[in-house]
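Chemist: This is what each chain is made of:
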Amino acid sequence: MSEAVNQGHVEMHVDEFGIATIEFGHPMSNSLPGKILRKLAETITDAGKDSAVKVIVLKSAGDKAFCAGASFDELISIQDLETGKVFFSGFAQVINACRKCPKLIIGRVQGKAVGGGVGIASAVDYCYATRFAEVKLSELAVGIGPFVVGPAVERKMGLSAMSQLAINATEWRTAEWAMQNGLYADVFDSEHEMDEEITRLATVLAKSSPEAMAELKKIFWIGTENWDQLLAERAGISGTLVLSDFTVNAINSFKKK
Amino acid sequence: MSEAVNQGHVEMHVDEFGIATIEFGHPMSNSLPGKILRKLAETITDAGKDSAVKVIVLKSAGDKAFCAGASFDELISIQDLETGKVFFSGFAQVINACRKCPKLIIGRVQGKAVGGGVGIASAVDYCYATRFAEVKLSELAVGIGPFVVGPAVERKMGLSAMSQLAINATEWRTAEWAMQNGLYADVFDSEHEMDEEITRLATVLAKSSPEAMAELKKIFWIGTENWDQLLAERAGISGTLVLSDFTVNAINSFKKK
Amino acid sequence: MSEAVNQGHVEMHVDEFGIATIEFGHPMSNSLPGKILRKLAETITDAGKDSAVKVIVLKSAGDKAFCAGASFDELISIQDLETGKVFFSGFAQVINACRKCPKLIIGRVQGKAVGGGVGIASAVDYCYATRFAEVKLSELAVGIGPFVVGPAVERKMGLSAMSQLAINATEWRTAEWAMQNGLYADVFDSEHEMDEEITRLATVLAKSSPEAMAELKKIFWIGTENWDQLLAERAGISGTLVLSDFTVNAINSFKKK
Numbered sequence: 000m001s002e003a004v005n006q007g008h009v010e011m012h013v014d015e016f017g018i019a020t021i022e023f024g025h026p027m028s029n030s031l032p033g034k035i036l037r038k039l040a041e042t043i044t045d046a047g048k049d050s051a052v053k054v055i056v057l058k059s060a061g062d063k064a065f066c067a068g069a070s071f072d073e074l075i076s077i078q079d080l081e082t083g084k085v086f087f088s089g090f091a092q093v094i095n096a097c098r099k100c101p102k103l104i105i106g107r108v109q110g111k112a113v114g115g116g117v118g119i120a121s122a123v124d125y126c127y128a129t130r131f132a133e134v135k136l137s138e139l140a141v142g143i144g145p146f147v148v149g150p151a152v153e154r155k156m157g158l159s160a161m162s163q164l165a166i167n168a169t170e171w172r173t174a175e176w177a178m179q180n181g182l183y184a185d186v187f188d189s190e191h192e193m194d195e196e197i198t199r200l201a202t203v204l205a206k207s208s209p210e211a212m213a214e215l216k217k218i219f220w221i222g223t224e225n226w227d228q229l230l231a232e233r234a235g236i237s238g239t240l241v242l243s244d245f246t247v248n249a250i251n252s253f254k255k256k
Numbered sequence: 000m001s002e003a004v005n006q007g008h009v010e011m012h013v014d015e016f017g018i019a020t021i022e023f024g025h026p027m028s029n030s031l032p033g034k035i036l037r038k039l040a041e042t043i044t045d046a047g048k049d050s051a052v053k054v055i056v057l058k059s060a061g062d063k064a065f066c067a068g069a070s071f072d073e074l075i076s077i078q079d080l081e082t083g084k085v086f087f088s089g090f091a092q093v094i095n096a097c098r099k100c101p102k103l104i105i106g107r108v109q110g111k112a113v114g115g116g117v118g119i120a121s122a123v124d125y126c127y128a129t130r131f132a133e134v135k136l137s138e139l140a141v142g143i144g145p146f147v148v149g150p151a152v153e154r155k156m157g158l159s160a161m162s163q164l165a166i167n168a169t170e171w172r173t174a175e176w177a178m179q180n181g182l183y184a185d186v187f188d189s190e191h192e193m194d195e196e197i198t199r200l201a202t203v204l205a206k207s208s209p210e211a212m213a214e215l216k217k218i219f220w221i222g223t224e225n226w227d228q229l230l231a232e233r234a235g236i237s238g239t240l241v242l243s244d245f246t247v248n249a250i251n252s253f254k255k256k
Numbered sequence: 000m001s002e003a004v005n006q007g008h009v010e011m012h013v014d015e016f017g018i019a020t021i022e023f024g025h026p027m028s029n030s031l032p033g034k035i036l037r038k039l040a041e042t043i044t045d046a047g048k049d050s051a052v053k054v055i056v057l058k059s060a061g062d063k064a065f066c067a068g069a070s071f072d073e074l075i076s077i078q079d080l081e082t083g084k085v086f087f088s089g090f091a092q093v094i095n096a097c098r099k100c101p102k103l104i105i106g107r108v109q110g111k112a113v114g115g116g117v118g119i120a121s122a123v124d125y126c127y128a129t130r131f132a133e134v135k136l137s138e139l140a141v142g143i144g145p146f147v148v149g150p151a152v153e154r155k156m157g158l159s160a161m162s163q164l165a166i167n168a169t170e171w172r173t174a175e176w177a178m179q180n181g182l183y184a185d186v187f188d189s190e191h192e193m194d195e196e197i198t199r200l201a202t203v204l205a206k207s208s209p210e211a212m213a214e215l216k217k218i219f220w221i222g223t224e225n226w227d228q229l230l231a232e233r234a235g236i237s238g239t240l241v242l243s244d245f246t247v248n249a250i251n252s253f254k255k256k
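Chains as they are written, first to last, in numbering that gives the first Met the number 0: chain A, 0 to 256; chain B, 0 to 256; chain C, 0 to 256.
If you are wondering where the hints come from, they were derived from the structure by calculation, not from laboratory data. Heads up, none of these hints are tricks.
Any copy, or any two copies together, can satisfy a pair, since identical chains are not distinguished.
In silico EDC-like links for lysine to aspartate or glutamate, alpha-carbon gap of 16 Å or less:
(1) K63 with D188
(2) K206 with D244
(3) K84 with D227
(4) K217 with E232
(5) K48 with E210
(6) K34 with E22
(7) K99 with D227
(8) K58 with E10
(9) K34 with E2
The shape of chain A in the complex, shown without the other chains (with noise of 0.2 Å):
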């Protein structure tokens, strides 16, 4: 296994108004190892209990890609189903732990989102983009599918474009494409523009009712109760495909590249 699986970082700041800001990064496009995966997970988590913290805000580093997905060298490295229902749970406990935390959390996407990348973007309540932050659901390419990911995505999209995202698995969707189905809430032409905004609205929601903003979280997530488990079958259904020959040869063939 490369060293890719053992890199990138998870920062969390939290600010006098109660901001915290959370980083994640991996100097390969920010493809997340299921290390960082969980590390991002237990971050949010702590952030959702930490009475000092009244917002969030989930971001990425660098100022290319948001996110590519789930780290391939880890992918690649999947030789049986334990393992593989493993590496598919990273992004489900992101997803579970956006879903869980009592804060609302703003996303802030600068860039290309890519499979688990465009599952972050969905699961964060309130998510800002610029017209950069394309998108793509790029898991059929590989023998594989957006199944994790998949609810969460419909949730805030809609089926029509869960299943667009999920079947033209080779296609970039641009942001207006994206804001207009409801992933993005608004897209800017600069990443300056951007984080005005972001600071102009975590700066409004830290100054809120927290009680209040508690039970607005509660209401937007009515009806995912099951997603612990919904998610652990889907990254099963994942983990038994990525052992197909189609997904073994199709691996091979990026490996000899």
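Starting from the known structure of chain A, fit chains B and C onto it as the hints suggest.
Modeler: Using the frame of chain A, we list chains B and C on its own:
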């Protein structure tokens, strides 16, 4: 308590084609006290039972705001949970009256809609608007939330648009945005053009099969059978929050202005 | 009964890549009598079982209307509830065949779609269209309603768009509008451009993992397990309404023209 809670009107007129026009109004930007909300709900219910009525047009008075939500004067007079529940049940009754009315209801939104006003626009079956019909769910700004209107807004506009409105509570969204997100079927440049189209559609529907329209109404509202109870529970959430220190302080600082 | 109910065709061709193209047609604007609808449902079901088929393209004949709905000649011959139920079950069978087919289905909509035609466009998994592919649910104009196609249209386009189409039954909605509301994934200026893109996507999918696509198909249709029964009940609603005085009179006045 100010005089405002005793002001306002609800009127119904049925023309020779069976088109019932129901108008509500209040001198303060059509913000509605409980008394008027109850009368509006009753009038919609009565029109639903009246065999002379084939289709209903729901509108508000004047050419400015469609509806500024619930009466602020009544809100600030709430001292206990029971009064709070009754207050927040006002729009619940109107929404449930629209939902249970066996006739199709056409909405006419000539101007801004806030809070419960967005709830009414969501609860009609087909909603026309002018380009002045901006929307806002401002509840969070005073420490509560759009809990009662939430189910109606989400049913019509989807989870993403509903949560965007609920979280970004101080921002107006354009009529165009509301149309793209399913609240309005069409947006016109002027009241005149909107009224021509309303007359056309209402006239067509008044001549359409009452049995077919009653069956359509049923399928549009499948899955909302629990809303009498659900919206009462939601009124309880708001009724509790409005007594919190946060909201009491927020209201007091409004009063001082 | 006129000759029209015995006309029409359904043809299937499978190419060397496993792309099955299913074409239906009828001389009267591709309006479909029960006989053709049953054959279309069977052909889709057979293609789903055929291991040589990797992906399905569903299209209609000619370069005018995609599908004008159910056969009007057959509709006006209905004299009793049982015949009515069978008639209205025609599109239910096609929708259910699409739903239960384990292969992904790409739709090709080259022109106007009415009633059941919109149902077919909704029931495929990924739908392409040209800018001529306007849509209308005209059922209410003859005293019935889009009860059978309603669940498919609502699943793909949402409640708001479905109810707008059902209520405003005489108005065409543009292909652009249908795309913005999730019916079409993409809209092209010409059939030629659409066909290039269909060939591209179908070729990619024919080479994709059949297991992964079968799992995707399952998650796209979660929650529709009761549609065999639901759409049969819906056919019963239409079957009852079509015998009402209102519809009998409406049909008689059409006949006189």
